[in-house]
Amino acid sequence: MEPLLGAVLGLILAVASPAHSNCTCATNKWAVCAQDSPGNCTCMLLGSDHQVDCSTLTSKCFLMKAEMTPRKENRLWRPPHGLSDSDGIYNPDCEDSGVFKARQCNQSSTCWCVNTAGVRRTEKGDRSLSCRELVRTRWIYIEMTHKRRSRAFDVPDVAKALTHLFESRYKLHPKYIAAIKYDPPRIQIRLDQNEKPPWDVDIADAAYYFEKDVNNDSVFDSNSKLTVSVSGDALAIEKLWIYYVDAKPPEFCMRQLAAGISAVVTVVVLTAGIGIAVLLILRWLRTRKYKKFEIKEMGEIKAPSLE
4 MEPLLGAVLG
14 LILAVASPAH
24 SNCTCATNKW
34 AVCAQDSPGN
44 CTCMLLGSDH
54 QVDCSTLTSK
64 CFLMKAEMTP
74 RKENRLWRPP
84 HGLSDSDGIY
94 NPDCEDSGVF
104 KARQCNQSST
114 CWCVNTAGVR
124 RTEKGDRSLS
134 CRELVRTRWI
144 YIEMTHKRRS
154 RAFDVPDVAK
164 ALTHLFESRY
174 KLHPKYIAAI
184 KYDPPRIQIR
194 LDQNEKPPWD
204 VDIADAAYYF
214 EKDVNNDSVF
224 DSNSKLTVSV
234 SGDALAIEKL
244 WIYYVDAKPP
254 EFCMRQLAAG
264 ISAVVTVVVL
274 TAGIGIAVLL
284 ILRWLRTRKY
294 KKFEIKEMGE
304 IKAPSLE
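Anchor point for the sequence shown: position 102 equals 105 in my numbering, and the numbering is continuous, going up by one each time.
In case anyone wonders, no lab produced these hints; they're calculated from the structure.
All figures in this text were calculated on a predicted structure; none of them were measured in a lab.
Be a bit skeptical, because a hint or two may be false.
[Claimed, not checked] In silico DSBU-like pairs for lysine-lysine, Cα to Cα no more than 35 angstroms straight-line:
#  : residue 1 : residue 2
1  : LYS199    : LYS163
2  : LYS32     : LYS251
3  : LYS163    : LYS242
4  : LYS251    : LYS178
5  : LYS242    : LYS184
6  : LYS251    : LYS163
7  : LYS228    : LYS184
8  : LYS174    : LYS184
9  : LYS32     : LYS163
10 : LYS178    : LYS150
11 : LYS228    : LYS163
12 : LYS178    : LYS104
13 : LYS215    : LYS174
14 : LYS215    : LYS127
15 : LYS228    : LYS104
16 : LYS199    : LYS104
17 : LYS199    : LYS174
18 : LYS242    : LYS228
19 : LYS127    : LYS242
20 : LYS127    : LYS199
21 : LYS32     : LYS228
22 : LYS228    : LYS215
23 : LYS242    : LYS178
24 : LYS32     : LYS215
25 : LYS32     : LYS178
26 : LYS32     : LYS174
27 : LYS174    : LYS242
28 : LYS104    : LYS32
29 : LYS251    : LYS199
Model the full assembly from the supplied sequences, consistent with the hints where possible.
Put into structure tokens, the structure is as follows:
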């Protein structure tokens, strides 16, 4: 009886072990997963109590928060390569739904307002700063270049390959891909999403996943690497830029413009002042030389009369 019981236990362990090892989140390498019941794997976001839906993309806000959470080894995850804004990565405040809170603050009590992509859209202030609403990022422009080739790709093939990439890998519906332009070696992708239904992927999340993939810091499972093929040939991406356009203009643009105009006016005034000063100095030098020459001539004229 005991040998039979041991065999049964061994069989159960053998079956359970692969299931436990497969308890991972394919779309989020920062998810902590555990098998809470046979065939059921639950994944939680690192550093929080938010459950992760591994069948789709994790929101950008949750990803940035996970990246700023220390791991068990007391090390931080490698921060992402530069975002399009100058603030870089920060530890964001997220709503329970995963979207960014309209106002973000750092540890030094400096606060600012962000859009749905988490990019700053106002001047920085203190904790008294009020952000009335979370402004939607309506358009995202992705610009990149690929390695030069002896023969350029065909435009329809590039558009087809990238549309398929965003639909299959990033779960983004093709209706949100407004346009793809190709002028070798430059490629431009315009994403357009006026409103996001709960069942659709946000264009900001798709763009962030794509940025991480291109920069060799994929959010997907460690075995998942970005490969883009255009008619059987590899599309090797070299450089990447991402620009965010909100449904409403950023509130700090006019201040920056005024500061820029003020700086230009200051430079012009200083240049004009220096120019006038130089002209006055030159004129003074010429007058001085003329007076010296006049005095010398008068001296030469008077000299013979003294003899």
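Hints, one by one, checked against the model:
Our distance criterion of 35 angstroms between C-alpha atoms is met by LYS199 and LYS163, whose separation comes to about 24 angstroms. Proposed proximity of LYS32 and LYS251 is supported: the alpha carbons are some 34 angstroms apart, at most 35 angstroms. About 20 angstroms separates the Cα atoms of LYS163 and LYS242, which keeps this hinted pair within 35 angstroms; it holds. For the hint linking LYS251 to LYS178, the alpha-carbon distance of about 22 angstroms falls within 35 angstroms, and the restraint holds.
With a CA separation close to 16 angstroms, the supplied pair LYS242 and LYS184 stays within the 35 angstroms bound. Our distance criterion of 35 angstroms between C-alpha atoms is met by LYS251 and LYS163, whose separation comes to about 31 angstroms. Between LYS228 and LYS184 the CA atoms are separated by roughly 25 angstroms; this keeps the pair inside 35 angstroms, and the hint holds. This hinted pair checks out: LYS174 and LYS184 have alpha carbons roughly 21 angstroms apart, not beyond 35 angstroms.
With a CA separation close to 28 angstroms, the supplied pair LYS32 and LYS163 stays within the 35 angstroms bound. For a cut-off of 35 angstroms, the pair hint linking LYS178 to LYS150 stands: about 28 angstroms separates their Cα positions. A distance of roughly 20 angstroms separates the Cα atoms of LYS228 and LYS163; the hinted pair therefore holds under the 35 angstroms criterion. For the suggested pair LYS178 and LYS104, the alpha carbons sit about 27 angstroms apart, so the restraint of at most 35 angstroms is met.
Restraint check for LYS215 and LYS174: the C-alpha separation of about 16 angstroms stays at or below 35 angstroms, so the hint holds. A C-alpha spacing of about 27 angstroms is found between LYS215 and LYS127, which places the hinted pair at or below 35 angstroms, so the restraint holds. As the CA atoms of LYS228 and LYS104 are separated by approximately 31 angstroms, the hinted pair is consistent with the 35 angstroms bound. Pair hint LYS199 plus LYS104 holds up; C-alpha atoms about 16 angstroms apart against a cutoff of 35 angstroms.
With a CA separation close to 13 angstroms, the supplied pair LYS199 and LYS174 stays within the 35 angstroms bound. For the hint linking LYS242 to LYS228, the alpha-carbon distance of about 17 angstroms falls within 35 angstroms, and the restraint holds. Proximity of LYS127 to LYS242 is assessed by CA-CA distance (about 30 angstroms); at most 35 angstroms being required, the pair is judged to hold. Pair hint LYS127 plus LYS199 holds up; C-alpha atoms about 28 angstroms apart against a cutoff of 35 angstroms.
The hinted pair formed by LYS32 and LYS228 meets the criterion: a straight-line CA distance of about 12 angstroms does not exceed 35 angstroms. Proximity of LYS228 to LYS215 is assessed by CA-CA distance (about 11 angstroms); at most 35 angstroms being required, the pair is judged to hold. Among the hinted pairs, LYS242 with LYS178 is consistent with the structure: their alpha-carbon atoms are about 26 angstroms apart, no more than 35 angstroms. Proposed proximity of LYS32 and LYS215 is supported: the alpha carbons are some 12 angstroms apart, at most 35 angstroms.
The straight-line distance between the Cα atoms of LYS32 and LYS178 is roughly 28 angstroms, inside the 35 angstroms bound, and the hint therefore holds. About 17 angstroms separates the Cα atoms of LYS32 and LYS174, which keeps this hinted pair within 35 angstroms; it holds. For the suggested pair LYS174 and LYS242, the alpha carbons sit about 23 angstroms apart, so the restraint of at most 35 angstroms is met. Proximity of LYS104 to LYS32 is assessed by CA-CA distance (about 24 angstroms); at most 35 angstroms being required, the pair is judged to hold.
Under the criterion of a C-alpha separation no larger than 35 angstroms, the hint pairing LYS251 with LYS199 is consistent with the structure, at around 17 angstroms.
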